[in-house]
Amino acid sequence: MRILVIVPIYNEWPHLLPVLKGLRQHFSHILVVDDGSEDKSFLSHLKHEGFEYLSFPFNLGHWNAVQAGFRFALKKGYEAAITFDGDGQHLPEGALKIAPYLNEGYDLVVGNDNGRGTLAKKLCWRALNWLAGLEIQDFTSGLRGYSQSTMRAFIGGPFLNLHYQDLGVLFMAQKIGLKMVEVPTPMAERAGEKSRVFPTLTSVISYMCITLIFILARRP
Amino acid sequence: MIPYKITTTIIGAVIFLIILTLVRRGKLQEKFALTWFAIGIIVVFLGLFPVIIDKIARIIGITYPPALLFAMAVGVLLIQNLYLFIFSSQNEVRIKELIQQVAVLNKLVDDLATKDNPNPAPTNRTDSSPAQTPSIK
Numbered sequence: 000m001r002i003l004v005i006v007p008i009y010n011e012w013p014h015l016l017p018v019l020k021g022l023r024q025h026f027s028h029i030l031v032v033d034d035g036s037e038d039k040s041f042l043s044h045l046k047h048e049g050f051e052y053l054s055f056p057f058n059l060g061h062w063n064a065v066q067a068g069f070r071f072a073l074k075k076g077y078e079a080a081i082t083f084d085g086d087g088q089h090l091p092e093g094a095l096k097i098a099p100y101l102n103e104g105y106d107l108v109v110g111n112d113n114g115r116g117t118l119a120k121k122l123c124w125r126a127l128n129w130l131a132g133l134e135i136q137d138f139t140s141g142l143r144g145y146s147q148s149t150m151r152a153f154i155g156g157p158f159l160n161l162h163y164q165d166l167g168v169l170f171m172a173q174k175i176g177l178k179m180v181e182v183p184t185p186m187a188e189r190a191g192e193k194s195r196v197f198p199t200l201t202s203v204i205s206y207m208c209i210t211l212i213f214i215l216a217r218r219p
Numbered sequence: 000m001i002p003y004k005i006t007t008t009i010i011g012a013v014i015f016l017i018i019l020t021l022v023r024r025g026k027l028q029e030k031f032a033l034t035w036f037a038i039g040i041i042v043v044f045l046g047l048f049p050v051i052i053d054k055i056a057r058i059i060g061i062t063y064p065p066a067l068l069f070a071m072a073v074g075v076l077l078i079q080n081l082y083l084f085i086f087s088s089q090n091e092v093r094i095k096e097l098i099q100q101v102a103v104l105n106k107l108v109d110d111l112a113t114k115d116n117p118n119p120a121p122t123n124r125t126d127s128s129p130a131q132t133p134s135i136k
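As you go down the protein sequences, you meet chains A and B in turn.
Mind the numbering: the first sequence is residues 0 to 219 in numbering that gives the first Met the number 0, read in order.
Mind the numbering: the second sequence is residues 0 to 136 in numbering that gives the first Met the number 0, read in order.
Accuracy of the hints is not assured; some may be wrong.
Stated by the list, open to error - Pair by pair, the computed Cβ-Cβ distance ranges are: (1) K46/A - F86/B: 35 to 41 Å; (2) K178/A - G25/B: 48 to 54 Å; (3) G132/A - T20/B: 20 to 26 Å; (4) A216/A - I61/B: 45 to 51 Å.
Said to hold, decoys possible - Calculated pairs, DSS-like style, for lysine-lysine (alpha carbon to alpha carbon, straight line, at most 27 Å): (5) K96/A - K121/A; (6) K46/A - K95/B; (7) K121/A - K46/A; (8) K4/B - K46/A.
Stated by the list, open to error - One side only, chain A facing chain B, incomplete, derived with CB under 7 Å: (9) F50; (10) Q66; (11) L73; (12) L159; (13) G176; (14) Y206.
In short, the hints are calculated from the structure, not lab data.
In this text, a Cβ means the ideal position worked out from N, Cα and C, and glycines have one as well.
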């Protein structure tokens with residue numbers, strides 16, 4: 000099975016190269032998606048190191064970078080894709096655990112990490128999870144495997160409207176009846192100082208509100 | 000003291016003229032211009048014959064006619080605003096899809112270019128604009 004590893008990044012250059020080199024030992028097809036990083040000079044480094052990349056002229060958000068990766072994977076005829084964060088949080092071993100489930104024919108494989116986040120955060124996530132009625136516990140995880148048909152479904156229509164990659168995507172996936180599974184995966188401490196999706200408290204609150212409205216608007 | 004009818008006529012005419020100029024200069028797209036034109040015509044009409052408001056108010060049982068005017072104005076502005084938000088959301092989705100596709104196509108074009116020309120001249124590619132992609136000779 001040809002699997003493309005999609006690494007969406009945004010201003011994570013210092014941590015990126017070791018992550019990519021670690022990945023390359025296990026996966027031969029890697030695609031970096033630059034989500035409009037301010038400093039573009041690292042792209043020439045990537046080229047020099049022989050990594051393939053896409054680049055956005057401005058920042059669109061994590062999920063959009065992933066979608067662009069899907070488009071590329073579909074164009075090139077990959078049978079599955081694994082998304083992998085470029086900040087050093089995910090370990091290649093985690094991605095290796097995902098791959099066999101894709102081979103088994105699962106549509107969407109989520110790499111679960113239970114030991115992450117503060118208690119307050121966990122409670123909030125649990126509440127949102129319960130409201131949305133998700134089967135998947137760790138919906139914030141960016142380490143996921145997608146089958147080809149899933150990628151095809153995920154690049155169009157309502158999936159373009161999503162702001163975040165996590166709960167919304169899984170919610171819609173559950174709605175269209177995809178075969179999902181959650182796999183426990185080892186994860187490292189984040190090499191970058193701050194969470195990329197939630198740098199401030201305001202961003203957490205705005206995320207909670209947007210997600211809440213999303214759930215309320217779509218729950219049957 | 001000038002009669003209030005003249006004041007309202009002038010206000011209505013000015014608003015209509017502003018809309019007309021914007022449409023003529025192409026600042027307002029035709030599809031938006033249509034509703035704004037309608038609004039302009041209504042404003043002029045009400046300016047010329049402010050009694051209309053009083054009459055309508057009496058018919059539908061509103062004792063204070065200016066309240067009807069304000070309610071109508073708020074309603075129209077609300078709908079226009081909502082329409083703008085919908086339009087803007089649609090545009091955002093379209094832009095996102097286009098950028099994703101451009102990024103993928105950029106990559107594919109680059110790959111083709113390097114395949115045709117294995118030793119390309121060092122182009123200072125910044126990926127910020129499609130115009131800077133190396134040309135295929």
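> Taking 7 Å as the limit, does the beta-carbon of F50/A come near enough to a beta-carbon in chain B?
Replying inline: violated, 12 Å
> Can the suggested window of 20 to 26 Å be confirmed for the beta-carbon pair G132/A and T20/B?
Replying inline: violated, 54 Å
>> Check whether the Cα positions of K121/A and K46/A lie no farther apart than 27 Å.
In response: violated, 39 Å
> Taken at face value, is the distance from the CA of K95/B to the CA of K46/A at most 27 Å?
Replying inline: holds, 25 Å
>> Interface hint check: Y206/A, Cβ to nearest Cβ on chain B, cutoff 7 Å. Holds or violated?
In response: Result: violated, 18 Å to nearest chain B Cβ.
>> For the hint 45 to 51 Å, verify it against the beta carbon of A216/A and that of I61/B.
In response: violated, 35 Å
> Do the numbers back the hint for Q66/A, that is, is its least Cβ distance to chain B under 7 Å?
Replying inline: holds, 6 Å
> Is the straight-line distance between the alpha-carbon of K96/A and that of K121/A 27 Å or less?
Replying inline: Distance of about 24 Å is within 27 Å: holds.
>> Let's test the interface hint: is any C-beta of chain B closer than 7 Å to that of L73/A?
In response: violated, 9 Å
> Is the gap between the beta carbons of K46/A and F86/B within 35 to 41 Å?
Replying inline: Because 39 Å falls inside the window, the suggested range holds.
> Is the hint on G176/A kept, meaning its closest Cβ partner in chain B is under 7 Å away?
Replying inline: Status violated, d = 24 Å.
> Against chain B, with CB atoms and a cut of 7 Å, does the hint on L159/A hold up?
Replying inline: L159/A check passes; min Cβ-Cβ to chain B is 5 Å, inside 7 Å.
The structure does not agree with the numbered hints 3, 4, 7, 8, 9, 11, 13, 14 stated previously, though it agrees with the rest.
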